[in-house]
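Colleague: Okay, so the sequence shown: first residue is 18 according to this note's numbering, each after it adds one.
Since the hints were derived computationally from the structure, they do not count as laboratory data.
Don't take each hint at face value.
Below, a list of computed lysine to aspartate or glutamate pairs in the DMTMM-like style, where the Cα atoms sit at most 20 Å apart [claimed, not checked]:
1. Lys103 - Glu63
2. Lys103 - Asp78
3. Lys60 - Asp105
4. Lys93 - Glu123
5. Lys93 - Glu117
6. Lys81 - Asp105
7. Lys60 - Asp89
8. Lys93 - Glu63
9. Lys81 - Glu59
Just so you know, these numbers come straight off a predicted model, no measurement behind them.
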Amino acid sequence: QVQLVESGGGLVQPGGSLRLSCTASGININFYTMGWYRQAPEKQRELVATITSGRMANYVDSVKGRFAISRDNFKKTVYLQMNSLKPDDTAVYYCNARLELGSRNEYWGQGTQVTVSS
């Protein structure tokens, strides 16, 4: 059984920082592109950042220079360091794992709430 478990969300003031973590079980993340998506109320889910097995990172324009994605394959964990947070970053953040070859299986975490407010 595959599980992705996120942690690290919470309430933070504008300009603050949070680090999200996502730990996988049931898969070998060495073969997966790992990513973070977010969904704000009444909006569609959007890509925030991805990191391939070769550690190539990609970011949505709105978070470039503020967020950093990283991975620790030994710990089966992917991180999202979020700095200079803005109210517009408020959303539920979801972890995603997508197999890079073959069946291209995809898995999602249950989400963690990030609220940026004074």
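Colleague: Now, for every hint given, state plainly whether the structure supports it.
Modeller: Checked hints:
| no. | hint | verdict |
| --- | --- | --- |
| 1 | Lys103 - Glu63 | holds, 16 Å |
| 2 | Lys103 - Asp78 | holds, 14 Å |
| 3 | Lys60 - Asp105 | holds, 12 Å |
| 4 | Lys93 - Glu123 | holds, 16 Å |
| 5 | Lys93 - Glu117 | holds, 16 Å |
| 6 | Lys81 - Asp105 | holds, 14 Å |
| 7 | Lys60 - Asp89 | violated, 31 Å |
| 8 | Lys93 - Glu63 | violated, 23 Å |
| 9 | Lys81 - Glu59 | violated, 24 Å |
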